[in-house]
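Chains as they are written, first to last, in numbering that gives the first Met the number 0: chain A, 0 to 126; chain B, 0 to 432.
These are calculated hints, taken from the structure and not from any lab test.
Treat each hint with caution, since some may be false.
Anything over 12 Å on all C-beta distances counts as not near chain A; from chain B, calculated [said to hold, decoys possible]:
no.	residue
1	I1
2	H15
3	I56
4	P72
5	S81
6	P156
7	S158
Derived pair list, reagent style DSBU-like, types lysine-lysine, alpha-carbon separation capped at 30 Å [what the hints assert, rightly or not]:
no.	chain 1	residue 1	chain 2	residue 2
8	A	K21	B	K39
9	B	K199	A	K12
10	B	K193	A	K21
11	B	K299	B	K428
12	A	K21	B	K199
13	B	K250	B	K199
14	B	K39	B	K64
The beta-carbon is built from N, C-alpha and C at its ideal position, and this holds for glycine as well.
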Amino acid sequence: MIIKQLSIFLENKGGRINEVAKTLAREGINMQAFSMAETADFGILRLIVSDVEHAVEVLRKADFAVMLTDVIHAQCPNKPGGLAEILDKMALHDVFIEYMYAFSEGDTANIILRPTDMQKCIEVLEK
Amino acid sequence: MIWNQNKECMSIDQMHDLQGKRLQKLVKKVYHSTPFYRKKMQEMDITPGDIRTIEDIVKLPFTTKQDLRDNYPCGMFAVPNSEIVRIHASSGTTGNPTIVGYTRNDLEIWQECIARCLAAYGLTNNDIFSVSYGYGLFTGGLGAHYGAEFLGATVIPASTGNTEKHVKLIRDLGITGIASTPSYALYLAETIEKMGIDVKELKLRTGVFGAEPWTENMRREIESRLHINAYNLYGLSEIMGPGVAYECECKNGSHIAEDHFYPEIISPDTLENLPAGQKGELVFTTLTKEGMPLLRYRTKDLCSIMEGECPCGRTNVRISRIMGRSDDMLIIRGINVFPSQVESVILGMPEFEPHYQLIVDRINNLDTLQVLAEVRKEYLSDEISGMLALKKRLADKLKSVLTVSVDVKLVEPNSIERSSGKSQRVIDKRIMK
Ligand SMILES: [Zn+2]
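Looking at chain A on its own, in the form it has when it is part of the complex:
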């Protein structure tokens, strides 16, 4: 399933992630998953939230550099080898992954994928 992810450009300075979290918390927006990619002086915070439009609005108002990115949300059983199975499929069909991160809820593992080719990735997952 294609979902919208928030990507926020942040300078590497103390407390910026915390400020994002606080801004969302004040508005009652829940962060369901996030990952941070960093370089020496900046990073990109990637977020899955409960209310995308509202989150974009409040973050923009607070002068955060936020953009929306399409990502794929996939699920697999939360057990050893669950993720490997999906990644094997991707490799077999030459689908390249720019980045991915995961979070689990009970028996299910949720995976957020950003492939270079969205359509192909979905087709492969459905096989």
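Guided by the hints, dock chain B with the ligand onto chain A, whose structure is given.
Structure of chain B with the ligand alone, referenced to chain A:
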């Protein structure tokens, strides 16, 4: 429109003649009224009688900012206090401010010079004109104000600060022209965008910008964001204030009101006069100033005198854009770097906001130059590789223009301080150490 056909379009011979006569009178005056100049001229073994034509100006002594400081507060005044009707002071960051005194006649000439500028930008008595220079000791506010009134425009003394209220007035009063620093113009554009107002619905069409050096790319940026024509207004408080030189509709160099201000370009090293077209330090002699006349004042502004006639019909000489100030120049690992070069690169790339900052430091005995740049939100990438590529593209461009390597730091939008006055674009930490 040409405000003062007689002076702005005077034949070159007539102008030299007029300048020569005015210089003779000026030198006589300062020799007898300003002890500083009498002493200098005596040291150089010259008397007022040695000055007969404008070409003789090279025999006269220079005046520097330091001379003004040494004669603080009123040592350079050439008239008694009873004839001074106004005083302005420049913002000296260190030491004494520079005090400038004006007689009634000086103020009349000033407003007439400003009227020449505003008319050249196409403004008339039908315009509603807001002055967003700081009012007060700084010459920008009151200078532009009285000049615009003299032109007959409806003047709004908006000054700086409370930009949202200013935007409201621009919209509700139908303000057509504005004078400010170029950085304030960008700040104004951002405020208009933030308030959700469509700039095309405003009547604003002419912008008059000065008090800090700016580039052609900055002009394009301001023109497209505010939907106006942006013109350069040059001046400095020691000489008078804004109105010493101004662009015409050609936007190609600024005409000097040379019946009042005689320009020379000198080499800052040899102090010799340089021919037209060559870049050097701009020097002015105030031919008609009464309150605080100056001989050959070294402005530290670097530019050249342009050759050839201007299609607008004015014969007054033009100066090129100010390429920087000799005291703005940074020396990074032995190489001369001007902040205006960085500005021109950043404003030439659509990926970046027109706000930037230079941070100079010395680490392990090596000068470092870091440039902070804000990425426009349309060009942000979700991928690290995309952002790193953008960073490298800017670093490569800067390196090729400046010939020194630059550490580019991409920063968050709106994180570089916006300024309503002169913005602090350079932080040189070497000075603090
Ligand atoms: Zn012209």
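Just want to verify: B/I56 was marked as not at the interface with chain A; is every Cβ pair farther apart than 12 Å? 53 Å, holds
Beyond 12 Å from every chain A Cβ - status for B/P156: At about 31 Å from chain A, B/P156 clears the 12 Å cut-off, so the statement holds.
Would you check the hint for B/K193 and A/K21, treating anything up to 30 Å between C-alpha atoms as holding? 23 Å, holds
With the threshold set at 30 Å, check whether the alpha-carbon distance from B/K39 to B/K64 stays at or below it. 15 Å, holds
Minimum Cβ-Cβ distance from B/S81 to chain A exceeds 12 Å: 55 Å, holds
Taking the closest pair, is the beta carbon of B/I1 still more than 12 Å from chain A? 47 Å, holds
With a cut-off of 30 Å on the C-alpha distance, tell me whether A/K21 and B/K199 pass. Violated, because 37 Å separates the two Cα atoms, which is more than 30 Å.
Least C-beta distance between B/P72 and chain A, which was stated to exceed 12 Å: 44 Å, holds
Is the Cα-Cα distance between B/K250 and B/K199 30 Å or less? 23 Å, holds
Is the nearest CB of chain A more than 12 Å from the CB of B/S158? Check passes; 26 Å lies beyond 12 Å.
Next pair to validate is A/K21 with B/K39; report whether the Cα-Cα distance is within 30 Å. 67 Å, violated
Distal placement of B/H15 relative to chain A, Cβ over 12 Å: 57 Å, holds
The structure is inconsistent with the numbered hints 8, 9 and 12, although it conforms to all the rest.
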